[in-house]
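*Asks:* So the sequence lines, in the order shown, correspond to chains A and B. Residue numbers for the first sequence, in this note's numbering: 1 to 358. Residue numbers for the second sequence, in this note's numbering: 1001 to 1219.
These aren't lab readings, by the way, just hints derived from the structure by calculation. On a predicted model such as this, the values are computed, not experimentally measured, just so you know. No residue lacks a Cβ here, since even glycine has one placed at the ideal position from N, Cα and C. Hints are supplied without guarantee of correctness; some may be wrong.
[Stated by the list, open to error] If you only want the chain B side, here are some residues facing chain A, beta carbon under 8 Å, derived: (1) S1111; (2) L1115; (3) N1116.
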Amino acid sequence: MSGIEFSFELKQNGFQLNAGATLPGMGVTALFGASGSGKTSLLRCIAGLEQAGKGHLTVNGECWQDSAKGLFIPPHQRALGYVFQEAALFPHLRVKANLEYGWRRTPRTERKGNLNHICDILGIGKLLQRYPHQLSGGERQRIALGRALLNSPRLLLMDEPMAALDRPRKAEIMPYLERLHAEADIPILYVTHDLEELARIADQLALVERGRILKQGPLAEMFADIDLPIARDENAGAIIKTRITRHDDEYHLTHLQFCGGEILVSRIERATGELLNIRIHARDVSLALQPPGESSILNVVQAVVTEILDQGAGRIMVRLDAGGTPLLARITHKSQSRLGLEAGTALYAQIKSVAVSI
Amino acid sequence: MEPADISALWVTLRLALITTIILLLLGTPLAWWLSQTRSRLKTVVETVVALPLVLPPTVLGFYLLIALAPGGIIGGMTTHGLAFSFTGLVIGSALYSLPFVVQPLQNAFRSINPLNLEAASTLRASPLDRFLTIVLPLSRPGFITAATLGFAHTVGEFGVVLMIGGNIPGETQVLSIAIYDHVEALEYAQAHWLSGGLLLFSFIILFLVYRQNSRWPHT
Chain A
1 MSGIEFSFEL KQNGFQLNAG ATLPGMGVTA LFGASGSGKT SLLRCIAGLE
51 QAGKGHLTVN GECWQDSAKG LFIPPHQRAL GYVFQEAALF PHLRVKANLE
101 YGWRRTPRTE RKGNLNHICD ILGIGKLLQR YPHQLSGGER QRIALGRALL
151 NSPRLLLMDE PMAALDRPRK AEIMPYLERL HAEADIPILY VTHDLEELAR
201 IADQLALVER GRILKQGPLA EMFADIDLPI ARDENAGAII KTRITRHDDE
251 YHLTHLQFCG GEILVSRIER ATGELLNIRI HARDVSLALQ PPGESSILNV
301 VQAVVTEILD QGAGRIMVRL DAGGTPLLAR ITHKSQSRLG LEAGTALYAQ
351 IKSVAVSI
Chain B
1001 MEPADISALW VTLRLALITT IILLLLGTPL AWWLSQTRSR LKTVVETVVA
1051 LPLVLPPTVL GFYLLIALAP GGIIGGMTTH GLAFSFTGLV IGSALYSLPF
1101 VVQPLQNAFR SINPLNLEAA STLRASPLDR FLTIVLPLSR PGFITAATLG
1151 FAHTVGEFGV VLMIGGNIPG ETQVLSIAIY DHVEALEYAQ AHWLSGGLLL
1201 FSFIILFLVY RQNSRWPHT
């Protein structure tokens, strides 16, 4: 039985968690929600750091909690990896001993990976003899991730691992997370309230609101659903699957094909034929009823309006269909009236910029 | 030094060492419980532990004398009672020095980031394993302080010993009482030797503790 199936009821300091779902047993699932929505409590229940009075949890066929039967496996007997917001490295141990802490306690037959490989993946080989207080925030978080991975987990839990980092440090860690996403053969639950972050590393998205799982689904589907709260986010936008068709050396561009047309982006160092997910922010899409004339904007796609949602404060979210691919555009109320937009209107979507995750 | 002074020194060191070991063994779980519990009993236990700090040693000594006497709560468990014996002194000293061991340990335990323990529990460490590999090493300064204060305070104890141990050379006569005897007998030279020695001892030991703790790098 594959999947992470859970239901928890937990009351704590006036907050109530009442969440149940079955999440995929593979890939990265982001738990997304505002602060205070219960994401962290949910993750702690899954780890067993918090014991829900009424709870049930099965991870890929292994039962970790069943309060009906009085079963509760304590955290130290669950094969999991947990990365906290702050790295929580043991201050009295060198990096190497920190990394090996879980590894040493894992039975030989259950050990996966090894120190050298993890050091390579995370680029931490040179830090092994240091103490945690001699590391930068980004380094610490990479060690914490390595320590969790060396615990040979069957489930990796990450609680906003980048929340405590500034932008450059985040940029430093991101490639490692993307690589982890590509290489990991275990399910990963990733708590975040940053849409940009999850768009780059998650496959699945579960929305957490007031201690409940509001909705879950594949990332592209969820991002294209303008009725969900994420559509209100500043960084709302569509995720589009594309294929690299050719590179244009003269203008230093790469051509990407998707079912609604073609998109040009700055040159990407990847082979033609490869698949690539791109993100188009709703704020970067403007709409025109006529084919735009001379303009500096390279990417114009023909599309049809499928849904219009008034988000208040003069902001309108428009969902478009471009040859079967959903696109989002955020425009002003005034523009909507002037263009007379309604479901079924055919128009041209001008795309000002494209975010490419590698 | 006279042979009596040397034997008093020996009794004192033996008493302080044994008391310290017993206090570390009993005080560690007690301090851990105090640092972690949310029980309503906590305040009561904390108060009892702190009592020797404010009580005149004679009060503590008086009740101990009764308890240790043949037929007393503790003494009744033995054939001749424990008053005026070395064992009685150990019991009295342990009670008297309890706060000096428990409080530094409790502070050390309380200052450990609970996140470290949670992290260890997600890394397959059982509760005992976490205590041995995370709590103990991170509380090292607390243990050094506790052991030193417990030891030094026992060395410097006077009132309780006088009440329950009396003044039996080689058995219960400790340095502080030997000094008192010398002064009573107007033997100021001997009193100087012993007092100066204790003063120096106390200074050195406290100095070493403070230096050690200010060098602790992992905070």
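*Asks:* Compare the structure with each hint and give your call.
*Replies:* Hints and how they fare:
1. Against a cut-off of 8 Å between C-beta atoms, the interface hint on B:S1111 is violated, since the closest Cβ of chain A lies about 11 Å away.
2. Annotation: interface hint on B:L1115 holds; nearest CB of chain A at approximately 4 Å, less than 8 Å.
3. Using the Cβ-Cβ criterion of 8 Å, the hint placing B:N1116 at the interface with chain A is satisfied: the shortest such distance is roughly 6 Å.
Hint compliance for this structure: hint 1 is the single one not met.
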